[in-house]
Amino acid sequence: MTATDPNLTETAVTISVNGNDVAVPAGSSILDACTAAGIDTPTICYAENLTPVNACRVCVVEVENSRTLVPSCSRTAEEGMVVQTDSDRVRHSRKMVLEFLGSGVDLSQADEIAPWMETYGADPTRFGDDVETMNESVRIEDDLYVRDYDKCVLCYKCVEACGDDAQHTFAISMSGRGFGARIATEFDVTLPESACVYCGNCVAVCPTNALQFKTEFDLRKADNWREEDQSVTQTVCSYCGVGCNLELHTQDERIVKVTSPNDHSVTSGHLCIKGRFGWQYVHAGADD
Amino acid sequence: MPDLHLTEDRASVAESAAIDQTLADLGVTPAIVVETERVVRGGVHRKNERRHALLPCLHALQTESGWISRGGTNYIAEKLNIPPAEIYGVASFYEMFRVDEAPGHDDDVVHVCVDSPCLQYAEAKIAELTAAGKHVHRSPCLGQCDRATADHGPALFIQGRGAENSVPSDDATGLWDLPQKHEFGITLLKNVGRIDPTSLDAYVGAGGYKALAKAFGMGADQVIEEVTTAGLMGRGGAAFPTGIKWRGVAAESGTKHIVVNADESEPGTFKDRTIMENDPFALIEAMTIAGFATGAQKGWIYIRGEYPLATLRLQNAIDEARAAGFVGDGIARSSFNFDIEIRRGAGAYICGEETALFNSLEGFRGEPRQKPPFPTTNGLFDQPTAINNPETLLNVLPIVLDGGEAYKALGTEGSSGYKLFCLSGDVATPGTYEVTFGPTLREVLELAGGVQGTLRAVLLGGAAGSFVGPDALDMPLTMEATRAAGASLGSGVVMAFNDTTDFSAVCIRIAEFFRNESCGQCVPCRVGAVRQHEVLVRTAGAQLNGEVTLLNDIDQAMKDASICGLGHTASTAVLSAIELGLI
Amino acid sequence: MTGLDNGARMYAVDPRRTSSAKFADLWLGLELGSDVALANTVANHIITKDLVNHEFIAHSTEGYEAFKESVSTYTLERGAALTGLPAEVIAEMAEAYATAEKAQILWTLGITEHHNAVDNVLALCNLALLTGHIGRWGSGLVPLRGQNNVQGGGDMGALPNKFPGFQNVTDDAHRAKFEAVYGVELPAEDGIHLTLMFEAMERGDITAAYVIGENPADSEADIQHARKMLSGLDLLVVQDIFMTRTAELADVVLPASVGWAECEGTVTSSERRVQRVRAAVPPPGEAWHDQDIIGELARRMGYDWGHPTSEDLWEELRSLSPLHGGMTYERLEAEGGLQWPCPDVDHPGSPFLHGWLWEDDLGGRGPAPFSTVEHAGPKEELTEQFPIRLTTGRSLDSYNTGVQSGGYDSPIRYGDALDINPADAARLELDDGERVLVSSPRGSVEMPIRFQPDIPVGLTFTTFHFPELVDINKLTNDAWDKRSGTAEFKAASIRIEKLPAETREQAAVVEPIAGA
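Residue numbers (our numbering), protein chains in the order written: chain D, 35 to 322; chain G, 594 to 1176; chain H, 1083 to 1598.
Rather than coming from a laboratory, the hints here were simulated on the basis of the structure.
Where a beta carbon is used, it is the ideal one built from N, C-alpha and C, also for glycine.
Mixed in with the good hints, there may be bad ones.
Restricting the straight-line Cα-Cα distance to at most 25 Å, the calculated cross-link-like pairs of lysine-lysine (DSS-like) are [said to hold, decoys possible]:
| hint | chain 1 | residue 1 | chain 2 | residue 2 |
| --- | --- | --- | --- | --- |
| 1 | G | Lys-1001 | G | Lys-891 |
| 2 | G | Lys-964 | D | Lys-129 |
| 3 | H | Lys-1580 | H | Lys-1556 |
| 4 | H | Lys-1104 | H | Lys-1131 |
| 5 | G | Lys-718 | G | Lys-803 |
| 6 | H | Lys-1150 | G | Lys-640 |
| 7 | H | Lys-1556 | G | Lys-640 |
| 8 | G | Lys-783 | G | Lys-1001 |
| 9 | H | Lys-1310 | H | Lys-1461 |
These stretches of chain G come out as covered by chain H in the derived footprint (C-beta under 8 Å, 3 or more residues) [unchecked claim]:
| hint | region |
| --- | --- |
| 10 | 635 to 647 |
| 11 | 890 to 897 |
Not close to chain D: a few residues of chain G, all C-beta gaps over 12 Å, as computed [said to hold, decoys possible]:
| hint | residue |
| --- | --- |
| 12 | Leu-597 |
| 13 | Asp-602 |
| 14 | Pro-623 |
| 15 | Ile-675 |
| 16 | Glu-694 |
| 17 | Gly-697 |
| 18 | Gly-800 |
| 19 | Gly-824 |
| 20 | Ala-843 |
| 21 | Gly-918 |
| 22 | Pro-965 |
| 23 | Gly-1007 |
| 24 | Glu-1110 |
| 25 | Thr-1142 |
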């Protein structure tokens, strides 16, 4: 949105990141400052279009005079803060978080996480073979979504996207406690029985492919999901008058997935069922 | 606010009546009001204002039906306008609520404590109860560690169906026999076992409400000044200066809260139960002073769900005090308004963490919040809040009566005033004991009649604390001395173990405790606690060897990267046991 | 929703308690078609309570005294009687609106698909003028558009009386500008809109039609009449991506391509934001881009336009429409779209309109006029024969006549049911899901009913997404507003009758649900 809200004013704060001063607008997070300083920070539960929940703790940094490490995604940068992003303590915690996740969750399709495993030398196998895992089976309850909680890292993103960060449908919640916590509808009823309105915003924010569009799932199952052969075209949804931007992921001249740019002011990456799935008529009558 | 989508399930008449009664008792009207066929009132604000009624509604439903039924959930959803998925998420968080209609859900559930020192008696009791056809639940510490003897067996708590919850060993009549003799000139526990805890007259007769009168006389600012001068530090474990906390809240404007953290769940801790069951008016008076000092209008007592007698006594005290003009508007004919409500927890250790407690009280899952911001500015309902534990607040009474200077002179340089210790395990007379800061570990153990058998280790501060060996017997039990020794007083747990103890079992159970009690929100704690437990189980009775590195790695990440104190301390006891050669 | 979470209050005025209404602080389920009565009562109450913005009225408006007089008869009591809402609730909303620091009125087709649509809109405009809730950040009048480019269609001159950029066909200077660039002489008179076109067909004045991307054979009110008119044309050319029911009537069908996924160009959203659409996949088979089809038609008519790109066409538009002058493709790309007016390349675009009302000299314009409008209920009154109201609308997962949204299987699609209050159903001795005969003065359809407690007694609702299953527009009223050209889709009178037992049983087997 064009900054015409007269209440918006911008002042800057300066913090030190790895010895270099970085100026960012007041209210920015340490993560924003790290990004401004050109430092790549691993994140899993963070998304620019959601409220930070600081649950995964992979983005932790060392802040002078803080007893523990702090999550960079949700801690506001304060004037004069001194931050280290690559100390032994930071590297240790990031590595452990990745090992913890890798030891209990199927990260085989977590493309964003894989490079961090390498960077931090994470070895999820070192807890042994006989460890508790998510141990969930794939759920297919309709033609649009697939839920595979064996891949779920409990990052809360889907809950936020379904709830008051976007859709306000509240069909899912974190349930249970501790390692037994799971994303669930009420009493774990199927999605079609739940309040779900199939906006797909949960799928869009999932960092590990625990939530997938059925189109992608089917192509993967047929061993025909080829991201390297896909292109992404930004356009505008054909339905109502909101003007949501769509990113059409195409493979072999077919739309295989629809996302929306997080940084676009109209809907910040969120769509409704029509924008997310209503494209199928484009290929109506084609040989399938 | 939301457009609720409910399953077909409907509440039974009894369920809806129980929920309606709960809402009526709380003075909470429905979030959605159908005024006419064409006018319906609702909205975000009405919903948010009412969400704190969720936990009481869930208690009512659980008691009525023995589980959080689907129909009952839908009924609560409609009344409070909370999506059923969120209600399910909240209900499934707590030990005392069951969300499945399993066989036996309509029986009373007997909770049997499996934490030390009950641990050694637990399996036999569970076998006995199971054989008798009882529905048994393996429970973390029930806060009755003083009762864990060979005669009594493990602590028990009975979750009734269609009946109030109860503790078989509680005696709701007569005066409790405090093990510590009053001739020692004890202060915090002075009324315990001496006056009728159900009688305001008795409390006033014993000097009650003199401190409040004096506080009104000196003014809010001076009360905080005295508390600050006294050097009072929180007795819940974190030892934060109470004066600074109160000063922070006093500086804020708008609606403010006093919250009493009575979710006493640290294994080995039962001192607050001692206070609340036996001197409830003192807690009410002390929190009223806190409200006056900080300018808060509303007081909340969040008490753990497994303390039925303490809940009863506190509710009675609030009712009596309200009738006498000590709670409510215009307290003691002043212009000061302060109301107090009780909220029962539902079985979750994490809710003793202050921000988790706020979430729980507000009707959300008891997951801790990231700090900053701190409760003094963004506490309960995101409003300024002073949260203290009962023991801390009780200290405010002598501070106000005798002055901060006098209080400061008590105890040691770094630890002023009075302290309650929870003595349990292999001591002659387990119980709550009061000292003026200064006595050594040996002297404190002697208060409880000394160690039974040959002392091998003492767990200081509870499951989140650490073991010390016999070489620490001459360490004064002060904040500074324990800190210097790398230990902590925590919540005042002093649990003695003699040389017949199976420490491997004790440590596995501590690890299991954290595994079960981790809320699951952050990765280091959710997974770290599981991996730690797995290592201990895997190596039980054998040498840890190379696994120590792994345990240290896990510990470091949990300490550094967990959100809250639970994760930060989840491996402290285990690592101290390794260091002492206990396992 | 973010606004509500941040403390905004919402009053939902709708005959039905819709999903949106459930998020509201207060739902006001007014009597169908009593919008003007409610707005005038609100206005009168604001005036009576002296909550008007005197300064704004004096500086920026005209006709206040006459307006004040005209609404003076709309007392709370009369308003309550006309709308079916309690007086104190109307007063509460009026006071909340008048005293809010910022307030918006948002509406969509529930206001405009009435025979007195323009009156409905003017009545709402009056409220904004009365309180000054217009032309400022966070305040305003917000008509929500129902299609992704209905705004753009109007902006681009797809109106009978406007050139692109809302320039008048009858204005000589405007016309001259377009003639110079187009190289042809342009008619100096306004054309006619869709509703009038059907009337012209009836008279025989129109004998040929070229329909691009519209399905009037399913979407028009009183559909039997519309189909008859289209069938009677000498020539019907339909350019569409599907063989719609309209295309089935056509003499010539020109297969087109999907605008937003197979073509380059722009669309304009509800907030006047012009954004780029891009081709992600090629058109299938013999389908062509719309601009190529039109270009080829022109060539065969003797005008060779060559093969301009969509950007070429856009550049021409920019040169002709001052509203769009500053919107280069480059900027549209870089800035996530731009909101008109955006007259030059340095202009940031306009998030809201009518800021001139607050300028000292009113930006050189005249003051904004109050309008005098009177309550007039739905054209079709309830009768003994047709005692129940029918209103139509959309459901979340479907769209218009279902040509596009029918292409995917939605788990939340419930089909073509007629929503009815359980009390009405009980009175008519109908079960949930039972198939019934629904009739209006214009025709009858068979469809199942669905119990819906969120709809007041006496009102029924259905969507228009499944014309193959239920020709709901057989029932709707084509009485229309002479000023807007829009028919009264939102208010018809119907009766509901039980079907003979054997028909009901047979129907139960084929009851269409998800994926219809």
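Results for each hint:
In summary, the hint linking Lys-1001 of chain G to Lys-891 of chain G is not supported, as the alpha carbons are separated by about 29 Å, beyond the 25 Å threshold. Simply put, Lys-964 of chain G and Lys-129 of chain D have alpha-carbon atoms about 23 Å apart, close enough for the 25 Å limit, and the pair holds. Taking the CA atoms of Lys-1580 of chain H and Lys-1556 of chain H, the gap is about 19 Å. The hint holds against a cut of 25 Å. About 29 Å separates the Cα atoms of Lys-1104 of chain H and Lys-1131 of chain H, which puts this hinted pair outside 25 Å; it is violated.
At roughly 47 Å between alpha-carbon atoms, Lys-718 of chain G and Lys-803 of chain G are farther apart than 25 Å, so this suggested pair is violated. For the proposed pair Lys-1150 of chain H and Lys-640 of chain G, the alpha carbon gap of about 38 Å is over 25 Å, so the pair is violated. Taking the CA atoms of Lys-1556 of chain H and Lys-640 of chain G, the gap is near 43 Å; set against the 25 Å cutoff, the hint is violated. Distance hint between Lys-783 of chain G and Lys-1001 of chain G is fulfilled; the C-alpha atoms sit about 20 Å from each other, no more than 25 Å.
About 23 Å separates the Cα atoms of Lys-1310 of chain H and Lys-1461 of chain H, which keeps this hinted pair within 25 Å; it holds. Here the region 635 to 647 of chain G counts 5 residues with a CB under 8 Å from a CB of chain H, which clears the bar of 3, and the coverage holds. For a cut-off of 8 Å, the count of residues in the region 890 to 897 of chain G with a CB near a CB of chain H stands at 0, and the three-residue condition is violated. Non-interface status of Leu-597 of chain G relative to chain D is broken: a Cβ of that chain comes within 12 Å, the nearest being about 7 Å off.
With a minimum CB-CB distance of about 9 Å to chain D, Asp-602 of chain G fails to clear the 12 Å threshold, and the non-interface call is violated. Non-interface status of Pro-623 of chain G relative to chain D is upheld: no Cβ of that chain comes within 12 Å, the nearest being about 18 Å off. The Cβ of Ile-675 of chain G sits about 8 Å from the closest Cβ of chain D, inside the 12 Å cut-off, so the non-interface label is violated. With a closest Cβ-Cβ approach of about 10 Å to chain D, Glu-694 of chain G is found to fall inside the 12 Å limit, against its non-interface label.
Distance to chain D confirms Gly-697 of chain G as a non-interface residue, since its nearest Cβ pair spans about 18 Å, more than 12 Å. With a least CB separation of 41 Å from chain D, Gly-800 of chain G remains clear of the 12 Å interface cut-off, as annotated. With a cut of 12 Å on Cβ distances, Gly-824 of chain G stays outside the contact zone with chain D, its closest approach being about 22 Å. For Ala-843 of chain G, the non-interface assignment is confirmed: its Cβ lies about 24 Å from the closest Cβ of chain D, beyond the 12 Å cut-off.
For Gly-918 of chain G, the condition that its CB be more than 12 Å from all CB atoms of chain D holds, with the nearest at approximately 42 Å. With a minimum CB-CB distance of about 8 Å to chain D, Pro-965 of chain G fails to clear the 12 Å threshold, and the non-interface call is violated. The Cβ of Gly-1007 of chain G lies farther than 12 Å from every Cβ of chain D, with a closest approach of about 19 Å, so its non-interface assignment holds. The Cβ of Glu-1110 of chain G does not lie farther than 12 Å from every Cβ of chain D; its closest approach is about 7 Å, which violates its non-interface assignment.
With a closest Cβ-Cβ approach of about 10 Å to chain D, Thr-1142 of chain G is found to fall inside the 12 Å limit, against its non-interface label.
Violated hints, listed in ascending order, are 1, 4, 5, 6, 7, 11, 12, 13, 15, 16, 22, 24, 25; each of the other numbered hints is respected by the structure.
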